[in-house]
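Spelled out, the chains give:
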Amino acid sequence: MQQTYQRMKHILFALAAIFVTLITYAQQTYHILKDTTDSNSIVLKTQQIKEVDVRSRYPLSKIKSVSSGISVDVNELKKIPNLMGDSDPFKALQYMGGISQAGEASANMNVRGGDNDQNLILLNGSQVESPTHILGLFSIFNPELIDQMRYYKSGIPAEYGGRLSSVIDIRNNVQTPDKTEIAGNLGILASRISVKTSINKDVAVYAALRMSYLGAVVMPALVCLGIDPKLAQNNFEFYDTNLGFNYKLSAATRLSGHFYAGNDRLEVSSNSKFAIEDNTSSWGNRVGGVQLSHVFTPVFSMIHSFNVSNFNMATRLNWLNAPYNVNSDRTTYNYKSDFILIANNHNIKTGFDFMVANLLPFAFNKETNDTLNFSLKYNQFTNIALYFRDEWENGPLLINAGIRAGVHLKHPDRLYNTSMRIKDLMSTEKLYTAIEPRFFSRLMLNEASSLKISATKHFQFSNRVQLINLGLPVEIFVSASEWVKPSSLWHFSGGYFRSLNDNKWEFSVEAYYKSFANLLEYGGKLNDLMTEHNIERLLFRGRAYAYGSEFMLRKNFGNFTGWFNYTLGWNFRQFDDINNGLPYLANNDRRHDMSLIGIYQVNDKLTLNATYVYATGSRLNLPRSWYIVDGNVVLEYSKHNSFVMPDYHRLDLSLVYKLPVWNKLHSELNFSLYNVYNRANPFMVYYKTVADEGNFDYQIKMHYLIPILPSLSWTFRF
Amino acid sequence: MKKYVYIIIFIGLIASCNPDLDYTIKGYTQKIIVEGVIESGKYPVVYLSLNVPLSKTVDTTTILDYVIRYAKVTVSDGDKTEILTSKWDKSYFPPYVYKGTEIIGEEGKTYDLKVEYGGYTLYSSTTIPAGFQVESVGMGQTDVDSLRVLAVRINLNDHAKNSYRIQTRKRKDTRFIKTPVLFNDGLNLSGIQTFQISPYPAKTDSSFAEGKFFVVGDTVDIKISAIDSVSTLFFKHLNMFSLVSGNIAVTEVKPLHSNISEPGFGIWYGAAVRNERVIIK
Chain W
56 MQQTYQRMKH
66 ILFALAAIFV
76 TLITYAQQTY
86 HILKDTTDSN
96 SIVLKTQQIK
106 EVDVRSRYPL
116 SKIKSVSSGI
126 SVDVNELKKI
136 PNLMGDSDPF
146 KALQYMGGIS
156 QAGEASANMN
166 VRGGDNDQNL
176 ILLNGSQVES
186 PTHILGLFSI
196 FNPELIDQMR
206 YYKSGIPAEY
216 GGRLSSVIDI
226 RNNVQTPDKT
236 EIAGNLGILA
246 SRISVKTSIN
256 KDVAVYAALR
266 MSYLGAVVMP
276 ALVCLGIDPK
286 LAQNNFEFYD
296 TNLGFNYKLS
306 AATRLSGHFY
316 AGNDRLEVSS
326 NSKFAIEDNT
336 SSWGNRVGGV
346 QLSHVFTPVF
356 SMIHSFNVSN
366 FNMATRLNWL
376 NAPYNVNSDR
386 TTYNYKSDFI
396 LIANNHNIKT
406 GFDFMVANLL
416 PFAFNKETND
426 TLNFSLKYNQ
436 FTNIALYFRD
446 EWENGPLLIN
456 AGIRAGVHLK
466 HPDRLYNTSM
476 RIKDLMSTEK
486 LYTAIEPRFF
496 SRLMLNEASS
506 LKISATKHFQ
516 FSNRVQLINL
526 GLPVEIFVSA
536 SEWVKPSSLW
546 HFSGGYFRSL
556 NDNKWEFSVE
566 AYYKSFANLL
576 EYGGKLNDLM
586 TEHNIERLLF
596 RGRAYAYGSE
606 FMLRKNFGNF
616 TGWFNYTLGW
626 NFRQFDDINN
636 GLPYLANNDR
646 RHDMSLIGIY
656 QVNDKLTLNA
666 TYVYATGSRL
676 NLPRSWYIVD
686 GNVVLEYSKH
696 NSFVMPDYHR
706 LDLSLVYKLP
716 VWNKLHSELN
726 FSLYNVYNRA
736 NPFMVYYKTV
746 ADEGNFDYQI
756 KMHYLIPILP
766 SLSWTFRF
Chain S
835 MKKYVYIIIF
845 IGLIASCNPD
855 LDYTIKGYTQ
865 KIIVEGVIES
875 GKYPVVYLSL
885 NVPLSKTVDT
895 TTILDYVIRY
905 AKVTVSDGDK
915 TEILTSKWDK
925 SYFPPYVYKG
935 TEIIGEEGKT
945 YDLKVEYGGY
955 TLYSSTTIPA
965 GFQVESVGMG
975 QTDVDSLRVL
985 AVRINLNDHA
995 KNSYRIQTRK
1005 RKDTRFIKTP
1015 VLFNDGLNLS
1025 GIQTFQISPY
1035 PAKTDSSFAE
1045 GKFFVVGDTV
1055 DIKISAIDSV
1065 STLFFKHLNM
1075 FSLVSGNIAV
1085 TEVKPLHSNI
1095 SEPGFGIWYG
1105 AAVRNERVII
1115 K
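First to last, the protein sequences are chains W and S.
Be aware that the first sequence starts at 56, since it is given in our numbering, and climbs by one per residue.
Be aware that the second sequence starts at 835, since it is given in our numbering, and climbs by one per residue.
No lab work stands behind these hints: they were computed from the structure.
Do not take every clue at face value.
What the hints assert, rightly or not - Non-contacting residues of chain W with respect to chain S, defined by C-beta distances greater than 12 Å in every case (computed):
(1) 257
(2) 302
(3) 337
(4) 360
(5) 389
(6) 483
(7) 487
(8) 677
(9) 767
(10) 773
Claimed, not checked - Example chain S residues on the side facing chain W (calculated, C-beta under 8 Å, incomplete):
(11) 867
(12) 961
(13) 1072
Ideal Cβ positions, reconstructed from N, Cα and C, are used throughout, including at glycine.
The shape of chain W in the complex, shown without the other chains:
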């Protein structure tokens, strides 16, 4: 018995030793003296052991995930160099394959041949119309607050609707912080600061602010350095702010709220090319919402959310010596409820989506005191949708099938500042219905490879039609009406996903085909915007089809990680009123689109990153020559969109150095070089026409915006 007791003691001591070893992170080894119960006899013995490489298997997320709906590794994207040194996971999405940035300093994002307005961008469930600041150089999302980011470019499940091409669903601050966290970034153009804290164990709040200071700091500094003071008369500023809270009402019930407001302001003193003077443009999003979630049982839960979203653009300019105002506005009120049931192998989600929208399509008018201004005409509509989807997993097979059924009711238009409805005069009610089947499936071929296919139908009732592609949101908001049918899309996609060498490498190839109907192009002249009461009548309608393949190779392990994406794609449009009704390549047709990302962890403190992007130049419809007939100078166009801009390519490098911790202050310096080899990527192409006193100067001109650009920023957290 005594012997057994002694043995037990030895075993207990041995376990205790292992426990102590574990909690001291295996850096110290304790030697236990045999046959003793005296704990003081445990003495420290330092022992050198071989270095242990602790590694976790990179999850087979992309192999096992359904279709292209992927959770983006936000922390990884934060490492990619950005223009001004600050991290920007949203902007870095364009390196994920299938997404192409429209061009240099462009705010547009095109997914698999889709248009910019076909992306559903959500911030905590609220729709965001314009996701970037300052000509697309920064995203509006504060990188410090982003906790989750989901990105769908195909196989979009039934709970998402309203946009054709992609979903980018961003969630701020889902986690409750253990302590107060203050973080920020000091940069050359702008700085930001954010605070996350818990008021008590149930309530957490966050706040963030970001502001630029071009006018106050950057421009005066550039003038001192000798730039043209005329240039300094122009200015560009932006700010954004975020507020939010999470409140645990009970163990099963949670209430959260968020508010975002941001604005860009551009001041151009004169633009002789367009005979524009004193142009002040201001635009921005304001979104807010509350969300209530409740878990009834571990298998049944619900989420209710109410969101308000507004985008407003206001421009004042002198054009040909007359003052003009340009306005557009979009406000939506959205209520959504989701119910989630997990039973056996089924994950069922169903819900209801209700939205009321108020649009000012585009008002372009001379400053006037006319109170009955017909161009300030608001479109109003209501969207209601019901959806149901079931994700069913059975062995290697996973099927996610669903349906979304909705109605779009366009109300008679309303005049600004009045309750007057112009039902009988110019507009009527119009109802559209939409049935959107969604299907996707994944078949695991073995532990390391899978096949995925998807076929989905989408409707979009509200579009933004671009007027001028200058990076500014000069767009018309239109909704499906008696003149404009809703846009729709059939999207078929399939791919093979494989992990190699014990998942150290990943490889995938995907093919897609998209068939669009009722896409819109502006078909009027600039003057028509002032005279036409129903701007929708100036739109051309047509179809489109896009197809292509995407290849991805990724290295997940080691000090050097990174990925390579290549897309080979075609993108056609066919409009009765354009190109004599024959198909033509779309503006955003990109035959080749490639991105190469490398991240090298030199040591604990130093990380080097490189990004290389290459894309075929986008297409424009520009004249090729001119002639005079009947006393008029006529610009001659060849086939529609036959002008191809030079290819876009660029190499960026960045170096992140972690500074020593000082009084709990963790910080790092980010030195980045944008456009390392100073490629002149055109920002804007236009034709210049000057004809005076017999001199004719009609030329294609290009503007280049960003040369090689070093930047330094300091990111901190405590």
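Given chain W's structure and the hints, the job is docking chain S onto it.
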């Protein structure tokens, strides 16, 4: 690590080849621009030029390089064929005119045009529309006491789809000045119609000048030309170009519909012309 550095440097070297970009010549094809008319009761008149690539800056001297002076221009009415003779016409652009001396335009008749230049032969054909009746020319008040607008009443030929170009010439002018509007460009009016020749440009326009109105005491010649539907389409779209001031091209301006064979471009049109003279009261 080293090999990755080499890869990056290699990519950088390839990509940094930054060629001198010549965007404008690419895609430029030379066209022979034809502007020809045969009016009722007049000899045919043809102007020829080449289109100018957008890369070229031209002035009053160098633009003459784009004027065609050595073409063979032939007009035929089915019975007679005539080679037009050419000479300088400095009052117009292109400042070189090909003019007939035998064939005179007749209403309802078809005329073929053949242009031979630089190894190319272009063809076109047009018909002078049937005649029409000018009922009256009236005058209207404006908000300035001494200025008037003109109102032309025309009895449209219901059987023909014609539009009407109206041009005016004051005594001091050497050439007719066209009004900015092509009347009945929708080709949908019939019977007696009144077309108002508005003071142009509008008083609120920055280029407003009183001399451009019809002032009391002016003698004004009015030329009213009926043109067929093919020519209507051409001039209708051509008017859009002259109306868009500034150059913010929001999207494609509709290309003109030419009736000249490739590689030519432009218009060969017949016009049934009526002339009126009024003294502004």
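Status of each hint after checking the structure:
1. 257: Residue 257 of chain W is indeed farther than 12 Å from all Cβ atoms of chain S, at 49 Å.
2. 302: At roughly 48 Å from the nearest Cβ of chain S, residue 302 of chain W sits farther out than 12 Å, so the non-interface label holds.
3. 337: holds, 20 Å
4. 360: holds, 38 Å
5. 389: Non-interface label on residue 389 of chain W holds, nearest chain S Cβ at 31 Å vs cutoff 12 Å.
6. 483: holds, 25 Å
7. 487: holds, 26 Å
8. 677: violated, 8 Å
9. 767: holds, 21 Å
10. 773: holds, 33 Å
11. 867: Check passed: Cβ of residue 867 of chain S comes within 4 Å of chain W, closer than 8 Å.
12. 961: With Cβ-Cβ at 19 Å, over 8 Å, it is violated.
13. 1072: With Cβ-Cβ at 6 Å, under 8 Å, it holds.
Checked against the numbered hints listed earlier, the structure breaks hints 8 and 12; every other hint is satisfied.
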